[in-house]
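Asks: Okay, here's what each chain looks like letter by letter:
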Amino acid sequence: MNLSLSELAKKLNLPESTVERWIKQGRMPVHKESGKCIFNKSSLIKWASKHNLKFMIFEENNKIGDDKKELTFLSSMENGEVFYDVKGEDIYGVLENAVNKISSFDENQKKDLLAKLIERENLTSTGIGNGIAIPHPRVPVENFSESAVITCFIDGTVDFNAIDGKPVFILFILLSPSTKEHLSLLSKLAFCMRDISFVEFLKSKPSKDSLIEKVSEFENKS
Amino acid sequence: MDSQLFHIFRNTPLGRETLLQSIYFSKQTNASLNIYIPKFIKFLMYFDNDVVQVDLDESYLSSPDTALDRVKNLVESNGLSANFIEPKNFTASTLPDIPVNFDFMCSPRSISDLTSKIGLGHIGTRVRRIVQSAKFPVLITTPVYSEWNNITVFFGGSHNSIKALKLGIRLSRLTGKELFIFTQLDGKKREHYQEILEKEELQKEINLMVTKWNFYGSKSFEENLYNVPHDSLAIVGAYGHSVIKNIIFGSKMEKIQSTIQNNFLVVGPNYGQVS
Amino acid sequence: MRKLFSLRSPSRWFFFRADDRLLLILMGIIVGICSGLAALALSYSLETLLEFFHHYSQHWWVFILPAIGAALSSFFLNYVLKEGAGHGVPEVIYSVSRYGGLIRLRSSFSRLVSSCLTIGFGGSAGPEAPVVMSGAAIGSNIANFFYLNDRQRVTLVGCGAAGAIAAIFNAPIAGMIFTMEVILGEWSMVNIIPIAIASVAGAETSRLLVGNYIKFSHLTLNTNFIDMVACFGLAAVTAIVSILMTRMLRNMHHVSEKVKTKPWIRAAMGGCLVGLLGFQVPEVLGEGYHAIEAMVQGTFKAGLLVVAVAAFAKILATSLTLGWGGSGGIFAPCLVIGSFTGLAFHRLLVIVFPEIAWVNEGCFALLGMAGMISGILQAPLTGIFLIVEITGSSEVMLPLIAVSSISTTLCHYFEPASFYVKDLVEKGQLLRPGTDERVLTDLSVAELLEFDCVVIKKNMMFREFIEVVKSSKRNYYPVENEDGSFAGIVYFDEIRPYLFDTLMYDAIIIEQIVDDKVRVVNYTDDLSEVLKTMDNNGLYSMPVVSNNRFAGMISKATILDHYRKELKVQTT
Chain F
1039 MNLSLSELAK KLNLPESTVE RWIKQGRMPV HKESGKCIFN KSSLIKWASK HNLKFMIFEE
1099 NNKIGDDKKE LTFLSSMENG EVFYDVKGED IYGVLENAVN KISSFDENQK KDLLAKLIER
1159 ENLTSTGIGN GIAIPHPRVP VENFSESAVI TCFIDGTVDF NAIDGKPVFI LFILLSPSTK
1219 EHLSLLSKLA FCMRDISFVE FLKSKPSKDS LIEKVSEFEN KS
Chain U
13 MDSQLFHIFR NTPLGRETLL QSIYFSKQTN ASLNIYIPKF IKFLMYFDND VVQVDLDESY
73 LSSPDTALDR VKNLVESNGL SANFIEPKNF TASTLPDIPV NFDFMCSPRS ISDLTSKIGL
133 GHIGTRVRRI VQSAKFPVLI TTPVYSEWNN ITVFFGGSHN SIKALKLGIR LSRLTGKELF
193 IFTQLDGKKR EHYQEILEKE ELQKEINLMV TKWNFYGSKS FEENLYNVPH DSLAIVGAYG
253 HSVIKNIIFG SKMEKIQSTI QNNFLVVGPN YGQVS
Chain V
56 MRKLFSLRSP SRWFFFRADD RLLLILMGII VGICSGLAAL ALSYSLETLL EFFHHYSQHW
116 WVFILPAIGA ALSSFFLNYV LKEGAGHGVP EVIYSVSRYG GLIRLRSSFS RLVSSCLTIG
176 FGGSAGPEAP VVMSGAAIGS NIANFFYLND RQRVTLVGCG AAGAIAAIFN APIAGMIFTM
236 EVILGEWSMV NIIPIAIASV AGAETSRLLV GNYIKFSHLT LNTNFIDMVA CFGLAAVTAI
296 VSILMTRMLR NMHHVSEKVK TKPWIRAAMG GCLVGLLGFQ VPEVLGEGYH AIEAMVQGTF
356 KAGLLVVAVA AFAKILATSL TLGWGGSGGI FAPCLVIGSF TGLAFHRLLV IVFPEIAWVN
416 EGCFALLGMA GMISGILQAP LTGIFLIVEI TGSSEVMLPL IAVSSISTTL CHYFEPASFY
476 VKDLVEKGQL LRPGTDERVL TDLSVAELLE FDCVVIKKNM MFREFIEVVK SSKRNYYPVE
536 NEDGSFAGIV YFDEIRPYLF DTLMYDAIII EQIVDDKVRV VNYTDDLSEV LKTMDNNGLY
596 SMPVVSNNRF AGMISKATIL DHYRKELKVQ TT
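Sequence lines, in order, name chains F, U and V. Per the working numbering, the first sequence starts with residue 1039, numbered consecutively. Per the working numbering, the second sequence starts with residue 13, numbered consecutively. Per the working numbering, the third sequence starts with residue 56, numbered consecutively.
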């Protein structure tokens, strides 16, 4: 088959000048004819693997990277659910009730998640102040493809040992498949929580739709 | 990487004209100047599939003490800076190797023979060899410095002239100068040439960039050459359809270079689109 | 007609596309025959010329002949063909190591004619190097004609050299070994086969045209144990003579360069001196094969002193011829000097230990030749196989191996590089395949450029810069002036202390933290130089600047990455 020099170089993931020089020096089974690189596909693939190079000839239809949506707080909100009037006397009670409400989880998963959340809570409180807490597992959740934020408005308030000592009225349970996404989610959440007007808005216990609307406003701002 | 222009400095008034031409060219195309001030009468250029020995004529070596200052004066007074080539490798002790990874080379019509022979219809044998082997096009200048204000590509449908056309489009884009195409019909129809371009997927660019495509059919080639603007840079493929294309210049090329007095950019058979 | 032209690109034919070994073998045969013919043409015309001038050897003016020859050959090389001088082999090695064996077309006959003039008129030089040069140039140009690539061209250059040596000595193995050992410096299977075939073709050409004539086939060479012991002495002596000759040849160059005159006049002066020397010791004139024959056959009757003097006279004559501008090689003079040395050593042994029955003097002459070749060219295998082939017997093998290897080792101690590559080594131009220098020379700065750097402006505020830092992956930030020219580099390490100090955000502009004295790389810089600068200054990355503009970064990590790929591609 034949390709132009730049296409061939891209497929081999090498600089064009290197490929051109190797062809000239006769180091690869390709030869040039009026600007085109002509080669036998199987022998080139063989050559490439012999020299620890990759020849990505089938790459064209493979677009994993582009399909993936960019991770945003908004999309995670949409993935998760919103619960109102979650009951509970203390941290553990609230968490247990919250986890039990998650509809997409079976019993085992719920148990597992709850244990992880409590484990994290015992380390230090996840109450980040202003009446907000963000419970999350210490290690990423297994078998989990997309990040989700589960929002739980607590019935009344609960003492969460938060850093500023204020009782907590809302939980954002962060579930993410990797530490990297978790960090990015956390930083985006923190960005919103810094805004007093947003906190006030949360205290009004808005519906899921209006919550998401507000969040998307914030996303666009940043 | 910006384009590189290679120039061999000849320390004579004629050489000054050529250098001015190089300076003008690099100003227009934003190319950096690489100047070689010869210290030996000959040098080698190792191309991909050929090695060319260039024997300069004696005037290249005259008064070596003034050469560097003269070049610097000329280049700097035009607001440019030049890179001077010092040969690093020597095939024999008096035979330096000059690098060949340039994008253009500027040369008068002859670099080995007597300068008195320079005139219409004469291109020196060494210049021909360089055109034949080089990956870069060679700018063959007029004896006297003359600016060019537009570009004319000679397009005859051959593989080489397509390369010339692509180069013309690139230069026209770089310099912002008008681009004309000159086609001698030779009994074929206009559509024939347009089909060739469509095959190369050039049609769109042509419509966008080319000011005018002139077809000439009725008169002889030489007569039609009068229509080439006098201040135009002529871009020519060195070889056309001829079978013995690897040995001598094409007949069209010879006719053009012996008829019109413009600056030429000659595209050789090994020229490949670099970027 | 068009079809005819496609014949010129056989590498594109379907048949050869998958594997070019068959193509190379075919080409090797062609090249071997051509270079064999060139070699025969030279040796035939040399014989004719020497024969012709032999009749005049009694006249008084005969000393002027080498002068005329050297002047003519120098004139021919410098003015008719405009070649740079030199006896050729270094040029072949140079072009093989740096330019994929590209050699000028004119080289395929220039050295033949010029050396023929030099040697035919009585100058002391050898026809082998010119023949090797021609063969190599023929191979190179045939490769060009058929549009072969660099690797194939190098093989054909080797084929040419091998065919030439094989034809001139009627010694195919020596031709092959010489090429591998001296010209290519690499023993790879892909090369050996075509070169062996070319050797055979060259030798066969010579056998067809001149007859299968093995020079010293009827010698009896039964060496005893005691001869073996004597070999060690001989090896030491040949090593000393080799070093002497190497030094003499090189110094003669420096002496002659002090005479400021036209090259052909200089050559004539050298030739005159050789001619005068030839009055006293006629054996030094010409390539000297007659003298070798006489010595090996045992018909050279002169005593120890005369032989020793003759050896030194030959060294002097050769340096005078070559050092002053004559054209030719050192291979044949080496053989002559070697046989003189061997003979002298034998005479000495007979005088000191008259009671021992030494093997005949011809055997020592042969061993001396091998010792000299191994010493000067540092090519022990070439010496061994050449002698084995010109005697047509392997009886002499043991002492040969001993003499050759010891002589090479001793010479290597004093002269680390062989005569052929000495100049190249001094200039750092000897790039043997698979070596560090070779890999670094092939890689260029442009190939290694990294473009993922974010270029910032000099007048940027630190606060804006923090945003840039957030979104970039590198620890280096190239800075440019307002007009786009390169200003310097901001190192992440250096700004780390201020990074968390929000007070600084609006107090600093980039201009204040830029390092404007960074070392920069140009596109034309050699990679070995770049690496040396990095090592000496403890740098891991350097900016590449072209035309006063930032072009990209070059870093050790990328160099290593490409270096590995390159090494792998070059060696397997």
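Treat each hint with caution, since some may be false.
[Claimed, not checked] Just so you have them, the derived chain V footprint on chain U, three or more residues with Cβ under 8 angstroms:
1. 61-69
2. 90-103
[Unchecked claim] No more than 25 angstroms apart at the CA atoms, straight line, and that leaves these computed lysine-lysine pairs for PhoX-like:
3. K1226(F) to K623(V)
4. K1079(F) to K356(V)
5. K623(V) to K1088(F)
6. K147(U) to K1048(F)
7. K1062(F) to K525(V)
8. K1070(F) to K178(U)
9. K137(V) to K100(U)
FYI, nobody ran anything at the bench for these hints, they're computed from the structure. On a predicted model such as this, the values are computed, not experimentally measured, just so you know. Each residue gets a CB set at the ideal place from its N, CA and C atoms; glycine is no exception.
Asks: Hints broken by the structure, by number, lowest first?
Replies: 3, 4, 7
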